[in-house]
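Based on these hints, arrange chain B with the ligands on the given structure of chain A.
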Amino acid sequence: MSTATKPSALAFDLQARCSTSKARASTLHLPHGPVDLPMFMPVATQASLKGLTPEQLEETGCRLCLNNTYHLGLKPGQAVLDAIGGAHKLQGWNYNILTDSGGFQMVSLLKLAKITEEGVRFLSPHDGSPMLLTPEHSMSLQNSIGSDIMMQLDDVIQTTSPDHARMKEAMERSVRWLDRCIAAHKYPEKQNLFCIIQGGLDLEMRKQCCLEMIKRDTPGIAIGGLSGGEAKSDFCKVVDTCTDLLPENKPRYIMGIGYPEDIVVAVALGADMFDCVWPTRTARFGNAITSQGVLNLKHARYARDFGPVEHDCTCTCCRSKEDGGLGITRAYIYHLAAKETVGAHLLTMHNVHHLLSLMRRARQAILEDRYPEFAQDFFARYFADKATPQWAIDALQGVGIEL
Amino acid sequence: MEEVSSASLAQLPHEMLKFVLQHTSASEGAARLGQLSFRARPTTINTPHYLVPTSRGVIPHLSQDNVQRHTKITAVYLPLEDFIEKSHADAPIYSTPVQKGESRLRRYTCLPDQCLSVVGPRRVPSISPPAHNTNSSIAISTSYGFRFLEVQQYNKAVKDLDVDVSVSLADVVTAETASAKRIEKSADRTHAWLADMVESQRGDASEATPVFASIPPLEPQLLSLYLSDLRDEYTSHISGLCIYSPSTMVAVPEGLRQLPTICLDDPPTPQAVLAAIYAGVDLITVPFATQSSEYGIALSFSFPFPGSTEPCPSEQPLGTDMWSTTHATDLSPLSPDCECYTCQRHHRAYVHHLLQANEMLAWTLLQIHNYSIIDSLFASIRRSIAQGTFDADVQTFGRAYRSELPKQTGQGPRVRGYQMKSVGRGEPKKNPRQYGRLDDQVQKLAEAESGVATPDGDAEDIEKHGLAKRVE
Ligand SMILES: [Zn+2]
Ligand SMILES: [Zn+2]
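Residue numbers (our numbering), protein chains in the order written: chain A, 498 to 900; chain B, 1232 to 1703.
Worth flagging that the hints you see were computed from the coordinates, not collected in a lab. Misleading hints may appear alongside valid ones.
Taking lysine-lysine pairs in the DSSO-like style, the calculated list, with each CA pair at most 27 Å apart, reads [unchecked claim]:
id, chain 1, residue 1, chain 2, residue 2
1, A, Lys519, A, Lys712
2, B, Lys1303, A, Lys818
3, A, Lys683, B, Lys1700
4, A, Lys729, A, Lys665
5, B, Lys1249, B, Lys1303
6, A, Lys665, A, Lys611
7, A, Lys734, A, Lys712
8, B, Lys1390, A, Lys818
9, B, Lys1700, A, Lys611
10, B, Lys1331, A, Lys818
11, B, Lys1303, A, Lys836
12, A, Lys836, B, Lys1638
13, A, Lys712, A, Lys665
14, B, Lys1387, B, Lys1331
15, A, Lys712, A, Lys683
16, B, Lys1317, A, Lys836
17, A, Lys704, A, Lys503
18, B, Lys1416, B, Lys1387
19, B, Lys1317, A, Lys795
A short, non-exhaustive set of chain A residues, derived as facing chain B with CB atoms under 8 Å [stated by the list, open to error]:
id, residue
20, Thr550
21, Lys572
22, Ala580
23, Gln588
24, Ala800
25, Glu837
26, Val839
Even for Gly, the Cβ is constructed at its ideal location relative to N, Cα and C.
Chain A with its partners taken away, still in its complex shape (with noise of 0.2 Å):
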């Protein structure tokens, strides 16, 4: 076990590294408990997630889930997050939260978002009038909020940005806030913050990025940036070569991945943490994650298809009334979805299941050191109807294993 030598409130206990390629298997121990890496992180952006009370998450088997310091930060809002004493207090919820710094949804959700070296300067999307948020201000909310894991306010552009100059500015700026948002971090010995790592595609200001961050010596670190539409060879690029610097006993974090395939490659080379929106997003809309790929339900054709959602999966949804589950069939998912909400709630345990079961198998391989089998197993499945894309099979032919 060992821990950051500056004040930190975790501890991170690496148990096992896969012998082919840089996975790794460890236990992270947070101011809310234990959990297990790699690790998939549901996010329940104000507090809630699609419906599922803090109890049904709780029996998906989540430990940590996120919520967006944006969205809490205009409801309820910092004074009443104060008076409640933080975000576990508002939603009954007595596990991990991470948060996010707030910035990257005013860049990608708002229109005219310009960040100086102050702040992120933005128009309210209400009465169009501007605003500026800043380091501190992130810093501030992620405290009321009293989130497990805290993220540092980063100057985030396009990854696929042309712009060198801009890029390499918002890779140092991000530096920059990131001793600022130390210098503004009211309690480190019972939140984490973690830094994140900038750069875009360019892997030389990636490694330089990674040098610097390294040196704050942060309980944690994230590497930002990577979901913004580049392409997956580039992404995978840009994973190996940080993983490759980032020291051995900190965790690491890929901000907004959370597709399986990216998963099971990114952990490949060597990632440890991910969060995602979209299975819990798409199950609204109908669409079901399974090992085979993903069903959209709402098509009529599964109108009288009258198995279980995923067949073999142990979710409370999947399971049968025989087993003590709800024996939900596709046909009745059908039924309900876009109709109904529970449609949603329903599918919305299954795919968070399905996603922490996944890292669960993945972990366990890890430990068993078969990573590589269960590597080549999950994509001879989820593409059983057609093609491992390309950029997969290189990514994880560059750490051992051969599809």
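Leaving out everything else, chain B with the ligands in the frame of chain A:
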């Protein structure tokens, strides 16, 4: 202690269902205690009891695990029209594979074992279709629009689906301006349709579904012929009665009173529920529970009223509007002493936040709480009848509480066509889409969230909330 003052066993056709009247007393109006049990079901229902209306087979906003774990709901009402899509014949529910002895309806909807299924043709409350019923079919509303459901189809459906209780078709006339001739036809048709249903149930008695005979909401004199026929010819073929308004109770003759009576109505308040029970109803739908949840209202009444109403009547609210910002930092439960999951694990501030943020979970947590309040209401009603204090307790309740539920101030879930209420019983309220300036941004933000979320908050809000500061 529930004293048994008179007990009588209804003579039922096939003993699938047993109703034992345990306590009736002249001083309590027609209110009575009973016990409803089923040969094939594990649950026994103590009456008076509530029947929960479902939508497409689910209790709105409550996944089946939440029903099992966090409610005491033991009876649900399922309308057949919710399972019919483009046509009746190809409704997927009829293809559900079942083991021998298993109910197709229960398997298809994954209805928890604790819940008795009562099936009728129409939703409660239902929309009035633009078309009229015919002699052999009723007009229904499906998610694909209006359709006709043939009497034969309905009778076959309840058998195929193996429901616990089926309600015979009623020719309910909704138009207030209906002609006398049209109204007269209502009783005749309902009568004929019951005869058809009973006929379709002939054969193996052990496989027959208990039938509750519908009595349309008409003036007693228009019902007298039908009701005397029911009493003289049908008591050995029916297991209970189904009425659509508590006012029908006065028309029910002595020879039918031993039967359990369901009331498929939309009482606007708990006072109206008490009145229905006072009139002798055994099971009643209480749609205002779900509707309150969707309006963001946490029911807050208790029966009997715990305080004093002397010397003057008080104006206690029947519910709390959780949209009100007074709850923003309130860590207390929705109702003091409530033992539901919502009140035990969460607080007003969270429910308020979820409503403000348009998160679906708000409705789930409110449903758990509101059905817990309804369950307590009925348990207390039974206790009150057993103690012989029902009459007085109803009076006190009426003096203690306001005569209406709080008005809706916030926005509920999107209302779909098939869920709209009939005009006349309150105008249908479809939620208007609310977008401020910079619509495309707001739209994008909405997509990033759950439910029908649209964020708001002007610059001042954002600043006040510490999210950022305004710059010039
Ligand atoms: Zn499942
Ligand atoms: Zn409660």
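Practice problem: Would you pick out the hints that fail for this structure and give their numbers low to high? | Solution: none
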